[in-house]
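**Q** The primary structure of each chain is shown beneath.
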Amino acid sequence: MLKQMWTLWAAALFAATAGAAPTAQQIGQVQVFLSPEQALAGAYPSASSFDGHMLSVTDSLRQRLRDSGARSFGADSVAVYIARDATHRLLGYAVIGDEIGKYRPITYLVAVDPQWQVSGVAILVYRESRGGEVRRQRFLRQYRGMDGADPIRINQDIINITGATLSVRALNAGVRRSLLLVQTAFQNASID
Amino acid sequence: MVDKGNMTMQPVPILVVGMWAAATICKADSDVDRGRATIGGYIDHELFWNDKTKTFDQHRFVPIVASEVSEGVHVAAEIEFEHGGNVDGDGEIKLEYATLDITFHEAATFRGGVILSPLGRFNLLHDSPLNDLTNRPLVAREIVPTTLSESGMGFFGTLYPTQETVAGYELYVVNGFNEEAGTSLRSARGSQKQDNNEQKSMVGRLHYSPSLGLEVGGSFHVGAYDDTGDHNLSIYAIDAGWNRGPLDVRGEYATANVDGAVEEGRSGYYAQVAYHFLPGKLLFPNSTFTATARYGHIDLGGSEETRSTVGLNFRPEEQTVIKLDYEIYDRDEDRSGLILSLASYF
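As they're listed, the protein sequences go chains F and E.
Numbering that gives the first Met the number 0 numbers the first residue of the first sequence as 0 and each following residue consecutively.
Numbering that gives the first Met the number 0 numbers the first residue of the second sequence as 0 and each following residue consecutively.
For the record, the hints were derived by calculation from the structure and aren't laboratory data.
Fair warning: there could be bad hints in the mix.
[Said to hold, decoys possible] Partner residues are not named here, just some residues of chain E that face chain F (Cβ under 7 Å, in silico):
| # | residue |
| --- | --- |
| 1 | A65 |
| 2 | T102 |
| 3 | E105 |
| 4 | E214 |
| 5 | N242 |
| 6 | P245 |
| 7 | P278 |
| 8 | P315 |
| 9 | E317 |
Predicted, not measured: the structure shown is a model, and the values here were computed from it.
Note that CB positions come from ideal geometry on N, CA and C, so glycine has one too.
Using the sequences and the accompanying hints, generate a full structural model.
**A** And the structure:
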C-alpha cells in the first residue's frame, strides 16, 4: 500500500514537472494574462485610437457613486480610455482598475459601450495562487450587456465560481463601480 | 477638456496614461510591495438556545496572513483562535493552515505545510461567512472531521479541457489520522509535528465543472492510522454543487472504513438548498436575505443521527452575515433549538 502511494505520488510529481523546469515566460503566464494595450485592443478590436483621460474622483462624484450602490473609490483619480474608430466615431470607454480578491489585488479592464452597458471585461493580472478561472470567458461573458440597473452580484445575476467566491465578489464590485463611474462622469458630457 | 460640475477630466497623452496604467499594474508586483504580508481574516460569534445549553460562544477569530514572496511563490496561513483562545484549557489556538505554494504552471503548484485537506467539498469551503447556516453538516463533523488540516506536501492545479469546462485536482502525501480513529474520526486528526507511524497517508480530490455554476467532485483519504501502521483508514467522498440566479443547491456523501475498529463502516450525507431574496433592503444597497434548508444524516455503526435545519439570514454586505437557524435532532432531542450567529470577513 505504501509503495503504491509513493509510486503514485512520484508519478504525479514527475508528470507535473516533466518537460521541464519552467521558463520565466511560463511563470509569468500564470498571473499576467494581458498588458493594458492587449486588453484595450481586445475590448475594442476596431478602434484606431484610445484617448486617455485622467478622471478626478471628487467628493461629489464619490457620493453619487455611493448613492448608486457602488463601493467607494480609494484612488483620487482613475484612468479612463475612450475608444474611437478611424472615422473618430465613439466606440466606448474602458477603465483599468484593481480589486482585492482573497489576499491580493486583481487587475481588470471593464469596457462600457455608448449605451452605458458593459461590452466586455478582461483580467490583466491575477495574483492569487488559486482561482485563476475568473479570467475565462465562460465566466466573464456574464457581465456583457449589464447596465447600472443590474445588481451585478452573485446569487442574483452572476453565477459564482466555487472556491473563488471572494475573487468573484471583488470583480463584481469592480465592474459595477467602473460602469457607474463611466456613466456618471461621461453621460451628458460632451467629449471632444 | 471636459469640465462638468464637480468633476474634471484632463485629456492626457496616451503614452502618459499607458505608463500610469502600467505603473498601477506593476505597483502590486514591485519589489516594494512583494514580500509584504496582507492581513485579513474572519470572525464568528454564536448564541445557542436549546434544552442542553443556553450560551454565547466566541467560536472563532481567524486572522489570515498572506504574502506573495515573489512571482509564483505564495505563503498563506490562518491562525485560529477558537472559543476565545486557550484560556485555562477552554479553547484552542492553532494553525488552521500554513502553506508555501510554488507555482510552476496553473496546472501544477507544489504545496507544502499544514494543508487544508481536500476531502469533500465542505472542508475546503468551511469559512463561516461563506456558509448560510451556522453549524456544519453532521457528515462534515463525524466522517470528514472539518476543519481537517494535515501536515504534508503535494500538488494542485487547474486544467481547462475545453473553453466551457474546468477540471482541477489536489493530491498530497500527509501524516494522516491517528489511533483514535478506532473510536472517533474527529478525535483522530493527526499531529502536524510527528506521524504516529511510518506509513504516510494520501489525500486527494478531483473536481469537474461541465458548465458555469455546476461542479462535481470526488475525493479520498487512505493510509494507516494505528501506531504500528498495520490498519488502514479509507474515506471516500463525492460532492456536487449547483447555483443559478438566487438558487443554490449542494450536497455531499462520505463513507469511511476503519480497518480493525469495532465499528468499521461509517457514512453520512447532507443535502442543502438556499434561496436568496429581497436584495437591497434595510438601508443596505448590497444586502440580501437567504432562506436555507438542510437535511443531514450520519451512521456511525453503533449510532445514527439525523438533523434537519431551517435558517434565515441577512447579509448587509456579501461578506457579513447574521444567521438565525432552527435545528431538529432526531435522537439527541435536547440539542434541538435556536442558533443566532454573526460572521464576517475583515
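**Q** For every hint, state whether the structure bears it out.
**A** Status of the hints after comparison with the structure:
{"no.": "1", "hint": "A65", "result": "4 Å, holds"}
{"no.": "2", "hint": "T102", "result": "5 Å, holds"}
{"no.": "3", "hint": "E105", "result": "6 Å, holds"}
{"no.": "4", "hint": "E214", "result": "5 Å, holds"}
{"no.": "5", "hint": "N242", "result": "6 Å, holds"}
{"no.": "6", "hint": "P245", "result": "6 Å, holds"}
{"no.": "7", "hint": "P278", "result": "6 Å, holds"}
{"no.": "8", "hint": "P315", "result": "13 Å, violated"}
{"no.": "9", "hint": "E317", "result": "5 Å, holds"}
Going through the hint list in order, the structure does not satisfy hint 8, though it satisfies all others.
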